[in-house]
Each structure stands twice: as structure tokens, then as C-alpha cells.
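Chains as they are written, first to last, in my numbering: chain A, 1 to 438; chain B, 439 to 689; chain C, 690 to 1170.
Incorrect hints may appear among the rest.
The calculated SDA-like cross-link candidates involving lysine to any residue, where the alpha carbons are at most 20 Å apart (straight line), are [unchecked claim]:
{"hint": "1", "chain 1": "A", "residue 1": "K332", "chain 2": "C", "residue 2": "A732"}
{"hint": "2", "chain 1": "A", "residue 1": "K308", "chain 2": "C", "residue 2": "K1088"}
{"hint": "3", "chain 1": "B", "residue 1": "K443", "chain 2": "B", "residue 2": "Q523"}
{"hint": "4", "chain 1": "C", "residue 1": "K1088", "chain 2": "A", "residue 2": "Y54"}
{"hint": "5", "chain 1": "C", "residue 1": "K1035", "chain 2": "A", "residue 2": "K308"}
{"hint": "6", "chain 1": "C", "residue 1": "K1088", "chain 2": "A", "residue 2": "Q340"}
Keep in mind the hints are simulated off the structure, nothing from the lab.
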Amino acid sequence: MSVTTIKKNITSDISGAIQQTVNSFPLLKEKRNEAWHTFQQLSMPATKNEEYKYTPVTRLLEKNFSFPTANPSGHLSTLQDFSIPELDANIIVFVNGVFSQEHSSIFSNNSEISILTMEDAIVQQTEVCLKHLSAYIDLKADALANWNTAAWTNGVFIHIPAGTTIEKPVVIHHIHDTRNGQVVSIGRNLVVLEKNSAVTIVEKFDSIGDANHFSNCITEAVVAEYAELNLYTIQNDSGKRFQYGLTQIHQADSSRVNTYTFSLNGKLIRNNLQLTLNGEGIESHMYGLYLLTGDTLADNHTVVDHKKPNSFSNELYKGIMDEDSKGVFNGKIFVRPQAQKTNAFQANRNILLTDKATVYTKPQLEIWADDVKCSHGCTSGQLDEEALFYLRSRGIGKETAQAMMLYAFAAELLDNVKHPVIKRYLDNVISERLHKNF
Amino acid sequence: MLTIKDLQAKIGEKQILNGINLEVKPGEVHAIMGPNGSGKSTLASVLAGREEYEVTGGEVDFLGKDLLEMAPEERAREGVFLAFQYPVEIPGVSTINFMKTALNQIREHRGQPALDAVSFLSLMKEKMKLVEIDQSLLSRALNEGFSGGEKKRNEIFQMAMLEPKLSILDETDSGLDIDALKVVANGVNKLRNKNNAVIVVTHYQRLLDYIVPDYVHVLYKGKIVKSGTKDLALELEAKGYDWIKDEVALA
Amino acid sequence: MSNDNQVLEEFTSREYEHGWTTDIEADSAPKGLNEGIIRFISAKKNEPQWMLDWRLDAYAKWTKMKEPTWPNVHYPPINYQDVIYYSAPKKSDKTKKLEDVDPELIKTFEKLGISLTEQKRLTGIAVDAVIDSVSVATTFKETLGELGIIFCSFSEAVHNHPELVKKYMGSVVPVSDNYFAALNSAVFTDGSFCYIPKGVRCPMELSTYFRINAANTGQFERTLIIADEGSYVSYLEGCTAPMRDENQLHAAVVEIYAMKDAEVKYSTVQNWYPGDKNGKGGIYNFVTKRGLCFGDHSKISWTQVETGSAITWKYPSCILKGDYSMGEFYSVAVTNNYQQADTGTKMIHIGKHTKSRIVSKGISAGHSQNSYRGQVHIMKRAENARNFSQCDSLLMGDKCGAHTFPYIDVENKSARIEHEATTSKIGEDQIFYCLQRGIDEESAVALIVNGYAKEVLNQLPMEFAVEAQKLLALTLEGSVG
Chain A
1 MSVTTIKKNI TSDISGAIQQ TVNSFPLLKE KRNEAWHTFQ QLSMPATKNE EYKYTPVTRL
61 LEKNFSFPTA NPSGHLSTLQ DFSIPELDAN IIVFVNGVFS QEHSSIFSNN SEISILTMED
121 AIVQQTEVCL KHLSAYIDLK ADALANWNTA AWTNGVFIHI PAGTTIEKPV VIHHIHDTRN
181 GQVVSIGRNL VVLEKNSAVT IVEKFDSIGD ANHFSNCITE AVVAEYAELN LYTIQNDSGK
241 RFQYGLTQIH QADSSRVNTY TFSLNGKLIR NNLQLTLNGE GIESHMYGLY LLTGDTLADN
301 HTVVDHKKPN SFSNELYKGI MDEDSKGVFN GKIFVRPQAQ KTNAFQANRN ILLTDKATVY
361 TKPQLEIWAD DVKCSHGCTS GQLDEEALFY LRSRGIGKET AQAMMLYAFA AELLDNVKHP
421 VIKRYLDNVI SERLHKNF
Chain B
439 MLTIKDLQAK IGEKQILNGI NLEVKPGEVH AIMGPNGSGK STLASVLAGR EEYEVTGGEV
499 DFLGKDLLEM APEERAREGV FLAFQYPVEI PGVSTINFMK TALNQIREHR GQPALDAVSF
559 LSLMKEKMKL VEIDQSLLSR ALNEGFSGGE KKRNEIFQMA MLEPKLSILD ETDSGLDIDA
619 LKVVANGVNK LRNKNNAVIV VTHYQRLLDY IVPDYVHVLY KGKIVKSGTK DLALELEAKG
679 YDWIKDEVAL A
Chain C
690 MSNDNQVLEE FTSREYEHGW TTDIEADSAP KGLNEGIIRF ISAKKNEPQW MLDWRLDAYA
750 KWTKMKEPTW PNVHYPPINY QDVIYYSAPK KSDKTKKLED VDPELIKTFE KLGISLTEQK
810 RLTGIAVDAV IDSVSVATTF KETLGELGII FCSFSEAVHN HPELVKKYMG SVVPVSDNYF
870 AALNSAVFTD GSFCYIPKGV RCPMELSTYF RINAANTGQF ERTLIIADEG SYVSYLEGCT
930 APMRDENQLH AAVVEIYAMK DAEVKYSTVQ NWYPGDKNGK GGIYNFVTKR GLCFGDHSKI
990 SWTQVETGSA ITWKYPSCIL KGDYSMGEFY SVAVTNNYQQ ADTGTKMIHI GKHTKSRIVS
1050 KGISAGHSQN SYRGQVHIMK RAENARNFSQ CDSLLMGDKC GAHTFPYIDV ENKSARIEHE
1110 ATTSKIGEDQ IFYCLQRGID EESAVALIVN GYAKEVLNQL PMEFAVEAQK LLALTLEGSV
1170 G
């Protein structure tokens, strides 16, 4: 399929999705139509596009998928294989992009708190939902984001009223059942945190079957004054998963956001994580870990945009690339002219384990204010041979010594995970991975 | 030499000095003591001309000139020296180079010719001995990576080089062990003469064992609430500041 | 330390000090660019056919290329048909004996502090002086000749050393490398050529001094340095231009070819006219500089102090092909008023055990924009490659911007890469400390800035270091307070 064909076919997918939109929501229809038009004007990202220099999304989609898509219906007998053990949580499950009532369980809903599917939210919370939907993403830049905006089918809507903390995390499962062929899902989440509210959200991506599958998933979050959002993304699926994700977070004064992105497996993972710090006294932390094997390509593009004075952002991304895998990190920090007294820090550390593994990293600082403290650092290297030798000289086997050191490298990120049950789960997954594969 | 009349100052919206009166004559050593937050360091900063502080009232006469009218560097050139509580680091600029620049600008102000490299070096060697500071330290970037003691010794070395008329030592004893304290105090004492004066700002009495003051003033809530001789410092050491606070409360 | 003080003493001049023009009769081509102009240039220079063919080939390639838009700089479109591509001072001729050089020209260079009369020189620096498009004088040629060193204008090299020129020209920067390199290859009018034979350590600094004089003229010079096995040379480059209201184009190419065990140090103090306080006029400086560490254990070191030009687009780079070869890049880029700089380096590690080091210090003031753009690329077979990058920005005032775009591409696991970047401003505490010691504010800023840039300035030969420090202070004049 050529670039033009894929675009044409996706366009027909999108137009199908718009047809289905309930006509009683003209604003929604308008938003979808607008995105559709923009999608048609933009070309699908090629590697000559600076933002996709090392990540040939379009080529991989051409090669591995046929469009227009017709998803087979999915079936999930049990969620157990995919759930986080012992986590007392609100659970929402989508199978092939379709909401699964059977496997979902929502405890925290009451007259004020809303945890709904987007489908229901459009009907039940029309005003809040449409006010914030697509309000903060820059749709001029990225065809894939327009594709999503025009054609999303479902997702989760979370609205937390002022002064409310939801104790139980919200876990969103995106599961693809590919036993009857390829699956493409377009998901959309919207999180609205009012003043001084708090929530923890986990997005988890898994699959059954061994056909190729693609998800294009956007999460938008609006975090009001003094509110706190903890957002975990766990990507540990089979080597048949292709994924484009965009997370756009808009923060007001004194809000706090912690994001944790764990990319552990998949074929192609592209994460765009964008934080707009549109207030003072904000604190934002972005943590990322990518442990890659096989021919996985994981590409993390992050943006922190400081628009107002006196805020703090900190970013730590670490990666271990094994076998033929490829890691890409691009971290942008913008400090706008108004944003005096900004503190912005970023670090990206990488370990390559084989000659075929590669990493491309591009930290990017753009600063227009003078009274700021900003720094970024990145390193790439092997395991410290001296330390490895030291461990071995104490009788520890080479493999174990290496695993120990890799685990220690990754553990710095686990140290920052706040939720004890999620932390234990991730710790188990990571230790198992590092012992098994290295 | 220095006459402070009813000096008031604030930082931001916070009033810190509430009417300071002080007279310092040539040859004298005045100690300014007081509990934390009483305004001691503010007084030092206002005299040196730090711009964050806004003078809201009063006057300061220094050798017949209005000190408050002068820019910080003019004050320095007229002979006011502040030994900083926290000396700053300037990467890449050696102390030697820094001092040469400062000294020659001050000399120019006084109508003296600039010192050539040879005379500068010999002057420096002479002053180095006073504070027992090593030349290798002075060749390094200003205060960068210096220990607390080295930074304070560097301050006194600079004081020796610039030969000020009025030196204000702001908490110079903080962070010093007893040996370093002695070296610093010894340096200050050697620099004293009948034409210059020293104001020692300190929380504790221990520095005053070595730099013996003629007068001791207690600063509290932005005012000098008690003045006396060096015995007052000893009394404060023994009894703490609470009795002063009580006295003020009673009055 | 005495350097700093010389800076301070001379911290009095108020404007771009090289902004005057010289009244020299010039021999110019008509405005515009086409095959005819290229034939005209080639004929003027009496070039052999192969040289003309090379130019025409480059021109054909250029017409098919597009001007790059990725740099973080903004300027109105350049009309390449509105530029004069050839201008030569009339009296210069090929014999180039000093006594034949127009006395006005000698005065011009003396005014710039460059003496072309050898006996007057205190230190041993051989100079090739290029005005507008052609080399007007090369000093110390004979002394160098005794050692087998060839140091002459590019035009002379084309005639006298065609085998070297043919072999190495375009070997490091191919004709179609980029838009401006292609343009230069088509229309370059002169430049310097240097060959250091096997095992020779060049006993003096070699230097090229570039000056744009004529109005509406583009300057397109080309420098080629070939360091044969085990040789060493330190090369200096300086540039100035008169103040003119319109923008002028400068598109140069520098190629360095280092063989086994050879070492080349290339230092630039770039002070083209930056435009006035409101951003009017100034040079567009689009330069391609690249060194090839071809042989094992070879080393190329770039040092640059960039204070001039309205727009700078420049990435002196090293291709580390030989095993154990080493590349260095030390840069201070200062922008003030409405200047824009997008500069940095590329270190391409191909050979084993190759090493590179990048130290970049950006200083932005006024309304200027200063970008560092760099790439460290460790290729697959570059075992045990090492890179260290330090990339700092200093901001003065809240109307300017500092940007860093480092690309780090690692394809070999044994590579060890470290990159650090910081952004800061001159601390008020630092300035107050200086003031309290009696130092005025402008001097305080000069001191702090020179301290900040010291690691780079230390790389420059003494004479250049003094000039560079003066320039830093001058460029930043009036940017505080």
C-alpha cells in the first residue's frame, strides 16, 4: 500500500466513524469534522518529519495492516491474566475498543464523581465533556492525533469534583483480541480534575492472539488548582502491538502531576507526553523506563511547556536496549518569556547491551526567560565493567551480576512510584524481565 | 566617621529596621549582636547598598557624605567594605584577577595610577601573610569549591588588599572552627589602626574573644535596645537573649 | 589575568569598530547568478578547464537544491540574483609581491591590526589576506617554503598545485553537501590553501584574514588544509566587514584533511558586522566547516568565538574515520540586539577508539536568539568511542532566547556518551559582590562573562584570546541594567 492509499483508506475509516456520531451533538460532530479536514491536509508522518525522524510509523502501518479496518468482535473469558494483583481499583475494560460491562467494576461513582465511558459521558455529561474535549491538543501538527480526534470510538471519562480524592485508582484496560485477525482501536480518554481533587489512573495495554494490532489512544487531562494527578502507563504487550499514544495534560496553579511510563514490550511504541504548565507553583514529575528486546522500537517524545513563573518540572527517563531494539527519546523543555524563576530539569540515561541495539536521544531546551534554572543531561553507555568485575570477584555469576546491575539501574524509577501495590507489581514485572532476559 | 540616624528599611512588604541610631568613630570596634531575625544582616546589607532593601527613613552620613545616595561600588571606593556572610562563587574568575580589577578601579577613584603587575604581586604577597592564605588558592576561581574557612579568609584577604576605612564583618564567624576563627580574627586585628573602624555583626560572643569590641549593641526587632561595653557580650553569652526580650517587653 | 585587564582598559569604544569602508577601486561582475557569471569568474581567474567544469557541475546541483529551513533563524528570502558574485580590488595581481600591493590595501589591513609587512611583525604569524573575493597578499611564503609548507591563495594553488587541489577539494565537503556549500563550490572566488608535508611541525601560526569591503557583494571563499602524516599546524581565521544597511551574504567552505598522526587546530574569531541596534543590516554568515580525521591517531580541533553577523549558521564538524582519532569543538557564541545564531558541531564517530569533546558556551543578550545545534553520532563499527559534551547558556535580560538541540545517536554499545547542559543568568549576587569591591557594573559583567567562557578562550592562541575577550565585552556593551 502506498502512502496515498493508506491515507485514503484511513480517511474512509474516519468518515465511517463520523457517520456514526449521534447527530444530536452538533459540537462533537463539528470537532470530528474539523479534525477530519485537518487530517486530509496533513501528510501521514514520514521520517523526513523531524518529529518522526527515527520512527517510521506510516511505513510500519502500511506494511503490517490493511485499511479500511473491520475489527473482529473480541472475547475475553477472564481479566485475571491482565489485572494488577491485589490492587483494589475501579476497573474499566475495553476489548477491541468496545466497552466490556462484564469485566468492568466501578465503585467510586456517586452523585458527584463520574467515571463513565466516553460514549455515556457525551450523553450524561455533555457540557463538561464537550467543553474540554480537544481543547488543549495542538491539532495542527500531527496527522495521527487528528485521526484519533475524528474517529475515536470510546474511552473513559473521569470527572472529580472540587475537594474530592478518589482513594481507589482507576485502571483502564485496553485489550485486543486478535484471534480472528488484525485489530485497530481508536480510544479517547478525558480526565477533568476540579480544584484540590486527586486521582490515580493506570492505563494498561494487553492482547490475546497473534495477529498485528494497532491502537491510537489519546488521553487529555485538565488539572485545576491544587489538584493532583498520578498517571501510569504500562505497555508490556506482545511483539505484535503497534501503538501511538498522546497524553496531553493541562495544569493550573499549584497543581501536581506525576506521570510514569513503563514501556516493556511491543513492536512499535510511540508515546507523546505533553505537559502544559499554565500556572504558578506547579510541580510536575515525568518518569519513564523502557526495557527493550527483540526488534521493539520505543519512542518517547515529551514536552514540558512552562508558561508562567515559579513552577518546577523534573523528568527522568531511563532505557536498556537489548538485542535489535531501538530506543528513541526526545525531550523538549520550553520556558516562555513570562515564566521567570522556572526550575526545569531533565535526564535521560541509556544502556546498550548489544551491537545491534541503538538509541537516539535528543534533549531540547528552548528558553526565552532569563531568570531560570534549567539543565538536562543524557548518557549512553554499557554496564560499568569495573563494577561487574567487582561483583564477579566476590563469587557472583556473570549473568546474575549483570542482572543485578541492570535492576539497580532501573530501580531508580521504581523508587519514585508512590502507590505501594502498583510499585510491587511493577517491581515484579521488571525483576522477572531482567532476570529472564539478561 | 559613620553616623546612622533613625534608619528604617524594609524588604518587600516586611519592615525590618525600625529606627537605628549609631555613631562610629575612627579607631573603634563596634559589635552588633542580637537574636536571629533581629535585623543584623539587614543593617550590614543596607550599609553596603544591596538593592533588595528599601530604605524607608533616616539618614547615614559617612565621612561627611550621604552614604544612602551612593551606588554600591561608590561606597566601596569611598572605603566601605562588607565581608559577606555567604561569599559568592564566580566561575572562571581568579581571586587575583578580581582583586586587581577592584583595586585599580578604587585607585582610579582616588586619583592614583593603576598598579603594574610587579607592584600588585608584591602587595598581594604581603597581604597574603596576614591571613595565612596560600597563593594557589588565590589563583583558583573566586570562592569556587572553597571550604567555609577558605572563603572567610579570602574575605579578610580582600579587606587587607583594599584597605577600607570602615569594615563590616557580617557573621564572619559562622561556619568556622576555632583555628580558622583565630586566623581570621588575627588578620582583622592586624589591620586595625587609629584611622579605620570595624563593625562586627555576630550572633555569638566567641568571635569577640579575639576581636575585642569597644562597644556592644544589641539589636532586637530592628532597633538597638541596649548598648554597653564588651561585658555586655559576656552577659549575653551567659544569659542568652531572653532577658533582653523581657526588658523590652517591660519597657 | 593580564588579558582580562587589557579587555577592561579597552572597554571604551562604543560601536562596531571595523565598520569603516576603504575606497579601493574594484573590478566586479554584474549582479546575478547564471552559467555566464560562473564562466566569467573562472575566466577572470584564468582557470583551467577542470576547475570550470567542477564549478558548473556544482551550479547545476545547486539549482536543484532548496535553501534549508530547519535552522532556528528567521530572515526575509534572499534574492540570489541581487548579489554580486565577484569583486576584486583592481590593483591586485597574481605576482603578489608585497611592494605591488595597493598601499590602500596595506593600510586597510593595518587598521584592522593585521600587518602585511613581514618585518613589522613581532610574532611569527603568516597571513593570507582576503578582501571581498580575492586573496591580496600572503606573507612569510618563502620561510614556509623552505620547510616544504605550501601556504598560498586558493587561486594560486589551482595553478601551481593542481594535483593536490583536484585530489582533496570536495573530499571532505562534497559539492552537494548542502545548499550553501553547493553555492560556494559554484562561485567561490578565492581563499587559502595550505599543505603541511609529512612530519613537519609548522613553526608559526598560519592565518587568514577575511574582509568584505564592496557593497552588495557576497563573499564566497574556500579554504583547504591538508595535513600530511605526522604534521602539525595551527590555523587562525578572522573576519570583519563594514557597516552597511543592507544584508550581505557570506557562504564559505573550509575543508581540513588530516592524515595519520596529523594534528590541525583551527581557530576562528568571527566578527562580521552584526547589524545595528535595531537589527538593520549585517552579514548572513552561512558557513560549512568540516574536518576529516582520515588517518589513525589524527586530531582536529575547532575553536570559535562568534560575536558578529546578523545570522550565523555554522557547524564546524569532525568526521572521525581513523582509529584513535580525536575531534574537539570549543565555542563561545555571543548574540546581542537582534542577532540570531544557530551554531554547533557534528562529531561523526566511524573509527574505533575515537574520541570527541564539545564545549559550547552561548551568551544571549538584547532581543537575540542563540541556538546550539549539535550531533554526536556513534556508528556501528566505532568500538569504544567516547564523547563528552558540555553545553551552557547564559542569558542576559528577558527579551532574548537560548535554545539547545543536541542529537545523540548511538549505534554501538561500547560507546560512552555524556552530555550536560545548563542555562543560567548572571547572578545578581555575583554582580553585587563585584560592586561591593568597587568594580563598576560593566566591568563586573565583562569579568563574569570572560570567566564563564574561559574554558574556550584558553584554547585560543594568546593574541587571538586577547582580541576575543575584547570582542565579548564589546558585543555585550549596554546589555545590562
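Verification of the hints:
Between K332 of chain A and A732 of chain C the CA atoms are separated by roughly 51 Å; this puts the pair beyond 20 Å, and the hint is violated. A distance of roughly 15 Å separates the Cα atoms of K308 of chain A and K1088 of chain C; the hinted pair therefore holds under the 20 Å criterion. The suggested pairing of K443 of chain B with Q523 of chain B is violated, with an alpha-carbon distance near 25 Å, which exceeds 20 Å. For the proposed pair K1088 of chain C and Y54 of chain A, the alpha carbon gap of about 34 Å is over 20 Å, so the pair is violated.
A hinted pair counts as satisfied when its Cα atoms are at most 20 Å apart, and K1035 of chain C with K308 of chain A does not qualify at roughly 34 Å. Between K1088 of chain C and Q340 of chain A the alpha-carbon distance is near 12 Å, which keeps this suggested pair within the 20 Å criterion.
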